[in-house]
Amino acid sequence: MALATRTDKRPSLPRTVWDSTVGKKTVMAVSGLIMLLYLVAHMIGNLKIFFGPGDFNHYAHWLRTLGEPVMRWEWTLWVVRFGLVAAVVAHAVSAYQLSRRDIKARPSKYVHSKPRSSYATRTMRWGGIILGLFIVWHILDLTTGTVHPGEYEHLHPYQNVIDTFSTWYGNVIYITAVVALGFHVRHGFWSAAQTLGVGNAARDRFLKACANGLALLLTVGFVSVPVGVMTGVVS
Amino acid sequence: MNDFTEYTTGEPVVDAKAPKGPVAERWDTRRFEAKLVNPANRRKHTVIVVGTGLAGGSAGATLAEQGYHVVQFCYQDSPRRAHSIAAQGGINAAKNYRNDGDSVHRLFYDTVKGGDFRARESNVHRLAQISVNIIDQCVAQGVPFAREYGGLLDTRSFGGVQVSRTFYARGQTGQQLLLGAYQALSKEIAAGNVEMHPRTEMLDVIVVDGRARGIVARDLITGKIDTYFADAVVLASGGYGNVFYLSTNAMNSNATAVWRAHRRGAYFANPCFTQIHPTCIPRTGDHQSKLTLMSESLRNDGRIWVPKAKGDKRPANEIPEDERDYYLERIYPSFGNLVPRDIASRAAKNVCDEGRGVGPGGQGVYLDFADAIRRMGRGAVEEKYGNLFDMYERITAENPYEVPMRIYPAVHYTMGGLWVDYDLQTTVPGLFAIGEANFSDHGANRLGASALMQGLADGYFVLPSTINDYLARNPHKDEVDAEHPAVREVLAETEDRLNLLLAVDGDRTPDSFHRELGELMWEFCGMARTDSGLRKALERIPQIREEFWRRIKVPGSGEEFNQSLEKANRIVDYLELAELMCLDALHRAESCGGHFREESQTPDGEAERRDEEFSYAAAWEFSGTGTAPVLHKEDLVFEYVHPTQRSYA
Amino acid sequence: MKLTLRVWRQKNADAEGAMSTYEVDGISSDMSFLEMLDTLNEELIVKGEEPVAFDHDCREGICGACSLVINGDAHGPERTTTCQLHMRSFDDGDTIDIEPWRAAAFPVIKDLVVDRSAFDRIIQSGGYISAPTGAAPEAHATPVPKPDADFAFEHAECIGCGACVAACPNGSAMLFTSAKVNHLNVLPQGAPERETRVLDMVAQMDSEGFGGCTLTGECATACPKGIPLPSIAAMNKEWLRAARKGRR
Chain A
0 MALATRTDKR PSLPRTVWDS TVGKKTVMAV SGLIMLLYLV AHMIGNLKIF
50 FGPGDFNHYA HWLRTLGEPV MRWEWTLWVV RFGLVAAVVA HAVSAYQLSR
100 RDIKARPSKY VHSKPRSSYA TRTMRWGGII LGLFIVWHIL DLTTGTVHPG
150 EYEHLHPYQN VIDTFSTWYG NVIYITAVVA LGFHVRHGFW SAAQTLGVGN
200 AARDRFLKAC ANGLALLLTV GFVSVPVGVM TGVVS
Chain B
0 MNDFTEYTTG EPVVDAKAPK GPVAERWDTR RFEAKLVNPA NRRKHTVIVV
50 GTGLAGGSAG ATLAEQGYHV VQFCYQDSPR RAHSIAAQGG INAAKNYRND
100 GDSVHRLFYD TVKGGDFRAR ESNVHRLAQI SVNIIDQCVA QGVPFAREYG
150 GLLDTRSFGG VQVSRTFYAR GQTGQQLLLG AYQALSKEIA AGNVEMHPRT
200 EMLDVIVVDG RARGIVARDL ITGKIDTYFA DAVVLASGGY GNVFYLSTNA
250 MNSNATAVWR AHRRGAYFAN PCFTQIHPTC IPRTGDHQSK LTLMSESLRN
300 DGRIWVPKAK GDKRPANEIP EDERDYYLER IYPSFGNLVP RDIASRAAKN
350 VCDEGRGVGP GGQGVYLDFA DAIRRMGRGA VEEKYGNLFD MYERITAENP
400 YEVPMRIYPA VHYTMGGLWV DYDLQTTVPG LFAIGEANFS DHGANRLGAS
450 ALMQGLADGY FVLPSTINDY LARNPHKDEV DAEHPAVREV LAETEDRLNL
500 LLAVDGDRTP DSFHRELGEL MWEFCGMART DSGLRKALER IPQIREEFWR
550 RIKVPGSGEE FNQSLEKANR IVDYLELAEL MCLDALHRAE SCGGHFREES
600 QTPDGEAERR DEEFSYAAAW EFSGTGTAPV LHKEDLVFEY VHPTQRSYA
Chain C
0 MKLTLRVWRQ KNADAEGAMS TYEVDGISSD MSFLEMLDTL NEELIVKGEE
50 PVAFDHDCRE GICGACSLVI NGDAHGPERT TTCQLHMRSF DDGDTIDIEP
100 WRAAAFPVIK DLVVDRSAFD RIIQSGGYIS APTGAAPEAH ATPVPKPDAD
150 FAFEHAECIG CGACVAACPN GSAMLFTSAK VNHLNVLPQG APERETRVLD
200 MVAQMDSEGF GGCTLTGECA TACPKGIPLP SIAAMNKEWL RAARKGRR
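Protein chains in written order, with numbering that gives the first Met the number 0: chain A, 0 to 234; chain B, 0 to 648; chain C, 0 to 247.
Chain A on its own, in the form it takes in the complex (with noise of 0.2 Å):
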C-alpha cells in the first residue's frame, strides 16, 4: 500500500534551532532576555553614583571581588562579560540573518505604501544598529578608556562618568542610545515572550504593561545618570 512513511531522521538539535526562522528567533528572544536581565542589573548599580563617589567606587571594586574565595579577583567579571558577547553575537547575527531573510522575502514594495506597517520592524532593526554601535563607544570609553574625553582613571568610575557626561557629544550618544533601547526593550520583550510561546490572546495585557514598564524603568534609570551630571546633582 503507498500510505505515506516518514523517514525519521531529523537533524540535531542546535540544528534544527538555527536552520528554523522560528528557532533563530527563540536564540534572540533568550539572548536578548539575558541581555535585559544584565541590563537591570546595570542600571540598579549605575544608581549608586548618586551616593556619592565612595560608594560608586567601592561598588566597581565589589564588582571584581565577587564570588571571591571561590573565584578570583574579576575572575567573575570574566564570566559575565563572556556571557554578554555571546549574547550579543548571538543577537546580533541572528538579527542580521532573519533581517536579511525579511527583506529578501518582499522585494518590491507597494506603490501605495503605508507607513504604519514597519513601525515595529524599523524600530527593531535601526535601534539595534544604533545599540550595536553604542556598546563598542560605551566600551572605548568608560571599560578601556581608550575614547574617554578625560583623564580615564581605572577603578575610578564616578570621575569618569562625570568626565563623559560633561561633553555635550557624550550626553547626545547616551541619551539617544538609551531612548533606542527603550523602544528595543518595549517591543522586544512582547516580541521575545511570543517567540517563547508565552503569550496568549488573555496574558496578552499584562506582557504588553511588563514591556512598557521595564521600557520606562531602564530608559528613565539609565537617563538619570547623565541627567545628574548635567543638573550638578552628581559632580
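It is worth saying that the hints were derived from the structure and are not from the lab.
Careful: at least some of the hints might be erroneous.
Straight-line distance between alpha carbons at most 20 Å, and here's what the computed SDA-like set of lysine to any residue pairs gives [claimed, not checked]:
{"id": "1", "chain 1": "B", "residue 1": "K552", "chain 2": "C", "residue 2": "E41"}
{"id": "2", "chain 1": "B", "residue 1": "K632", "chain 2": "B", "residue 2": "V13"}
{"id": "3", "chain 1": "B", "residue 1": "K383", "chain 2": "C", "residue 2": "K244"}
{"id": "4", "chain 1": "C", "residue 1": "K145", "chain 2": "A", "residue 2": "P13"}
{"id": "5", "chain 1": "C", "residue 1": "K236", "chain 2": "A", "residue 2": "P13"}
{"id": "6", "chain 1": "B", "residue 1": "K309", "chain 2": "B", "residue 2": "N299"}
{"id": "7", "chain 1": "A", "residue 1": "K113", "chain 2": "C", "residue 2": "E41"}
{"id": "8", "chain 1": "C", "residue 1": "K244", "chain 2": "A", "residue 2": "L206"}
{"id": "9", "chain 1": "B", "residue 1": "K312", "chain 2": "B", "residue 2": "A371"}
{"id": "10", "chain 1": "A", "residue 1": "K108", "chain 2": "C", "residue 2": "N11"}
{"id": "11", "chain 1": "A", "residue 1": "K108", "chain 2": "C", "residue 2": "P144"}
{"id": "12", "chain 1": "A", "residue 1": "K113", "chain 2": "C", "residue 2": "S88"}
{"id": "13", "chain 1": "B", "residue 1": "K312", "chain 2": "B", "residue 2": "G354"}
{"id": "14", "chain 1": "B", "residue 1": "K566", "chain 2": "C", "residue 2": "E42"}
{"id": "15", "chain 1": "B", "residue 1": "K552", "chain 2": "C", "residue 2": "V45"}
{"id": "16", "chain 1": "B", "residue 1": "K535", "chain 2": "B", "residue 2": "R514"}
{"id": "17", "chain 1": "C", "residue 1": "K46", "chain 2": "B", "residue 2": "R355"}
{"id": "18", "chain 1": "A", "residue 1": "K103", "chain 2": "C", "residue 2": "S116"}
{"id": "19", "chain 1": "A", "residue 1": "K113", "chain 2": "C", "residue 2": "T94"}
{"id": "20", "chain 1": "A", "residue 1": "K103", "chain 2": "C", "residue 2": "A103"}
{"id": "21", "chain 1": "B", "residue 1": "K566", "chain 2": "B", "residue 2": "N498"}
{"id": "22", "chain 1": "B", "residue 1": "K632", "chain 2": "B", "residue 2": "E10"}
{"id": "23", "chain 1": "C", "residue 1": "K236", "chain 2": "A", "residue 2": "D203"}
{"id": "24", "chain 1": "C", "residue 1": "K1", "chain 2": "C", "residue 2": "T38"}
{"id": "25", "chain 1": "C", "residue 1": "K236", "chain 2": "A", "residue 2": "L206"}
{"id": "26", "chain 1": "B", "residue 1": "K312", "chain 2": "B", "residue 2": "R355"}
{"id": "27", "chain 1": "A", "residue 1": "K103", "chain 2": "A", "residue 2": "R71"}
{"id": "28", "chain 1": "B", "residue 1": "K223", "chain 2": "B", "residue 2": "G264"}
These numbers were taken from a predicted model, which means no experiment stands behind them.
With chain A fixed as given, assemble chains B and C onto it according to the hints.
Frame of chain A; chains B and C shown alone:
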C-alpha cells in the same frame, strides 16, 4: 417550432449494476460481487479525477490511499478553493445521537420523499447507510464540528425534516469538510500518490474504442493544451447552475466537463431538475455578478412574512403584527418555515407575483428574527447565526438584529447531471461521475444538508469500492498515447474551438451573452415553467448561439493566462446545455420537486406529480449541436417508499 | 460614482509591471469591489483592450481566491475579503490603487494574479491528520472539550487567501502556518503527529522563501477571518516543545 423539440425515444436505459434483494443489503451485495484489484497492481493503474471539491477531493485521496496513481485537476489555483467550501448549513447523518427516532431507514425515506419520488431507492438507501461513516471519517480527520459542553457532537434539524440529524461547524460546514478532504489529498500529493494539476481546466474527454481513456486539459497559466491518459476518468466537476448566470455557484463553476462528456456519449439525466434555494440575498441591480446564499438553518428560528396588503411600502418595523402574513406558517401549519426548499421558494415567488414582495423591485420577502431574539436573547442568536448576520450586513448594509432580513430564491443546486449506474459509471465505460456532477441521489429536489453527504459518500466510500470492479474486469491491453488518431482528433477539435473563439473578434463580451442566456433561463426555465414559455426559450437559444459565434469578442491570445477565453469557452457549452434543460422541462409535463409546471398543479396551487406517465429518469443522448437528442427512460421502481403526493401541511 | 483606478498591469511573470490609470463611471454603491472591476473589464473588452486579470471565485468570502491590495491594504479598508468589500466604502471621485499581493513566495502570474502554491506545499508537508478512509473509529469515541473544539474551529476558519503574507512587511507566512498547526494540534485526533507536524510545516514555510515573524501584527489586522495574533505564539510554543521532545 424547431427541430430540437422533435426528440425521439430510444431503448430504455437500465441500471445493470444495482443488485436485487432487500434494499438494506444491496450495497453489501454489490461490494461483494465487485471484482477487486490486487493491491500490488494498483499502482499500475492511473485514474484521472477532475475537480477537487468534496467528491473529487475525497475520491482522489481515497484512491491514492488504496494505491492507485491519481492524476487530479482543478481550475482553481488550489484544490482547497472548490465551491463545496461555500456550503454553510451542515451534513446529514443517521447517527440518531439525539434519540429522536432517526434511523438509516428514516433518512432513506426522507430523502426519497424529499426528492419527490424521482430518485432510485437503491442509491438513496446506500447514501443513508454510508452517512454514519462519513461523520466518523471527518471527525478522525480533525474536522471541528460543533460540540456540546460534554465534548460530544452537536446536531440540529434542517429544512424539511423533523429530526436533528444535521452535523455542522458553525455556518462553515462545507469549508471544514472540504479542508478535511483537501488535507487528506495534500498528504497523498506529498507522498507522490496524487499528481495534482491546479489551474488546469478539462476541456474534453478522450474516448478510444468506446472507453474513456483520458482528458484534454488546458494549463490556464501558459495556455498550453495537453492530453492526459488513464485507465479510468472520474468527473467530480460539480453542477451546472451557472447556466442561469446568476446563481449561488462560484463565478467559475462550469458545465464544460460534464457537457463534453455528454457530447462524447455519456447520457445526461434530468437536466431540468434544478434547485432554487429560498434564502438568498436579493439582487440589487444589473451589475449583480452572483447571488449569495444565507444558510437555510436561518429558517429554524427566523419567521418568513410579507405584508398582507399589496404594495405596502412602510418599513418592516412599522407594519403591525396583524398586517403581516406569515404565509408559510399559514399554509403549512405543521412544517411552517421548515418546508422543503422547492416549496418555500415557490411560495416566495407566489407572494411576490401577487405584488406583496418587499425591497427594491418587490423581489424579496422578510426573514424576521425579532421573535427569536425575544425568546432566546440576542446573545444566543448571535452565537448560532452571528457569522451569517455579519455576512448579510456586509452585503446589504442593513443590521438584521434590528430590521428583518430580506431574502429571495436563487438557483443553487442541480439535481440533474450525467446519468450513472449504481457503480457511478456513466454510459461511457470507464467514465465515472460523482457528487453534483451526477444525477443519482436527490431525485427532483435535494433536501438541505444532503449535498455534502452525497459528495463525501461518493468520494470516500462508493467510487473507491466500485471503480475496482471496472479496472479489474477491463484490463487495457493497448497503451494510448498522443499519436493515437482518436486522441489527435479530440485535441484538434479543442484547439479549433478556442482558436475560433479568438478569431471571431466581434463586438460583444462573453459576460453579455452569459447574462442574456441566464435571464432567459430564469424567466422560462426557473421557478415555474410553462409549455409556451419553454418553447419560446427553445426558439431563442439557437438564435443567441448563432449571434454568439458571430459577435463574440475575446481579447488576447490562447497562449497565455486569458480569463476571457476561459469564460467564452464555458458559455459555448452553456448555450447547448440550456437547450437540453428546456427540452427536458418541456417534455416532463408534470410538476415534481424543483420542476414546477404551471399546467400540472393541484387546485390549491401545489405541484402535481403524474407518476403513471413520468415515474422515470430522463437520460438524454447527444446527437449534435441543435439536433434533437434521443430520450432513454430509466423506469423508477418504488418497493419501500410508496409515492404519495408530498404533503407538508 | 465616478472613480479613478490605478491598477497594476503586468503581462506575465517575466514582464515588467507598472500602474495604469483608468476612469470608471456609473458605479453604484451597492456593487461589490469585484463587480466594479467587472464593469471596467467589460468596457476594456469592448474597446479592444485586455481586461484586468484577477483571481476570484465564490464571491462570498470563503474560497480565498480574491486577493487585491487596495490603497495599500490587503483586501481593502474593511476587515473582509475583497469580494465582500462594497463600493459604499468609497466616495465619489476617489482614486483607488489596486495592486497584487507582493511577496517573494507569491510571484505574479499576470496583473493582479499571483501564485500561492507555496501555501499548498506547507499543508502538504504536514497540515493534515493521517486518517485513511475506512479506518475511523466511531465519532463519539473521543469527546473533545468544547473550549478545545472552539479553539480548533477558530483557527480552522483560515481561508488561505494569503492576506497575512501580503500585509506583512517581511512577507511572513507565520499566521497561515500557525492557524493550521493550532487547529490540528489541539485536537486529540491530531496528537500522534503533533511534533512532526509543526516541525515539518515550519521547515517547509522557511524553504518557500517566506520571511520571519517580527510580530508587527499586520497579518492579524489584515486577516478577513480574524485569525488572532496570539496564534503565532501558540505555534512557537508547539514548535519549541516539538524541538525538545519530537526528535525520536
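Hints, verified against the model:
Proximity of K552 of chain B to E41 of chain C is assessed by CA-CA distance (about 11 Å); at most 20 Å being required, the pair is judged to hold. Using a Cα cut-off of 20 Å, the hinted pair K632 of chain B and V13 of chain B holds, with the two alpha carbons roughly 8 Å apart. Taking the CA atoms of K383 of chain B and K244 of chain C, the gap is about 40 Å. The hint is violated against a cut of 20 Å. Distance hint between K145 of chain C and P13 of chain A is unfulfilled; the C-alpha atoms sit about 37 Å from each other, more than 20 Å.
A hinted pair counts as satisfied when its Cα atoms are at most 20 Å apart, and K236 of chain C with P13 of chain A qualifies at roughly 17 Å. With a C-alpha separation of about 27 Å, the suggested pairing of K309 of chain B with N299 of chain B is violated against the 20 Å cut-off. Distance hint between K113 of chain A and E41 of chain C is unfulfilled; the C-alpha atoms sit about 31 Å from each other, more than 20 Å. For a cut-off of 20 Å, the pair hint linking K244 of chain C to L206 of chain A is broken: about 27 Å separates their Cα positions.
A C-alpha spacing of about 24 Å is found between K312 of chain B and A371 of chain B, which places the hinted pair above 20 Å, so the restraint is violated. Taking the CA atoms of K108 of chain A and N11 of chain C, the gap is near 18 Å; set against the 20 Å cutoff, the hint holds. A threshold of 20 Å between alpha carbons decides the hint, and for K108 of chain A with P144 of chain C the separation of about 45 Å lies outside it, so the pair is violated. Restraint check: the Cα-Cα separation between K113 of chain A and S88 of chain C comes to about 18 Å, which is no more than 20 Å; the hinted pair holds.
For the suggested pair K312 of chain B and G354 of chain B, the alpha carbons sit about 11 Å apart, so the restraint of at most 20 Å is met. For the hint linking K566 of chain B to E42 of chain C, the alpha-carbon distance of about 16 Å falls within 20 Å, and the restraint holds. Of the pairs offered as hints, the one joining K552 of chain B and V45 of chain C holds, with about 8 Å between alpha carbons and a cut-off of 20 Å not exceeded. Between K535 of chain B and R514 of chain B the CA atoms are separated by roughly 17 Å; this keeps the pair inside 20 Å, and the hint holds.
Distance hint between K46 of chain C and R355 of chain B is unfulfilled; the C-alpha atoms sit about 43 Å from each other, more than 20 Å. This hinted pair checks out: K103 of chain A and S116 of chain C have alpha carbons roughly 19 Å apart, not beyond 20 Å. Restraint check for K113 of chain A and T94 of chain C: the C-alpha separation of about 16 Å stays at or below 20 Å, so the hint holds. Distance check on the hinted pair: K103 of chain A and A103 of chain C sit about 7 Å apart at the alpha-carbon level, within 20 Å; holds.
Proximity of K566 of chain B to N498 of chain B is assessed by CA-CA distance (about 14 Å); at most 20 Å being required, the pair is judged to hold. For the hint pairing K632 of chain B with E10 of chain B, the CA-to-CA distance comes to about 8 Å; that is within 20 Å, so the pair holds. For the given pair, K236 of chain C sits about 15 Å from D203 of chain A by alpha-carbon distance, which is consistent with the 20 Å threshold. This hinted pair checks out: K1 of chain C and T38 of chain C have alpha carbons roughly 12 Å apart, not beyond 20 Å.
A threshold of 20 Å between alpha carbons decides the hint, and for K236 of chain C with L206 of chain A the separation of about 16 Å falls inside it, so the pair holds. Between K312 of chain B and R355 of chain B the alpha-carbon distance is near 10 Å, which keeps this suggested pair within the 20 Å criterion. Pair hint K103 of chain A plus R71 of chain A does not hold up; C-alpha atoms about 49 Å apart against a cutoff of 20 Å. With a CA separation close to 26 Å, the supplied pair K223 of chain B and G264 of chain B exceeds the 20 Å bound.
Hints 3, 4, 6, 7, 8, 9, 11, 17, 27, 28 from the earlier list are contradicted by this structure; the remaining hints agree with it.
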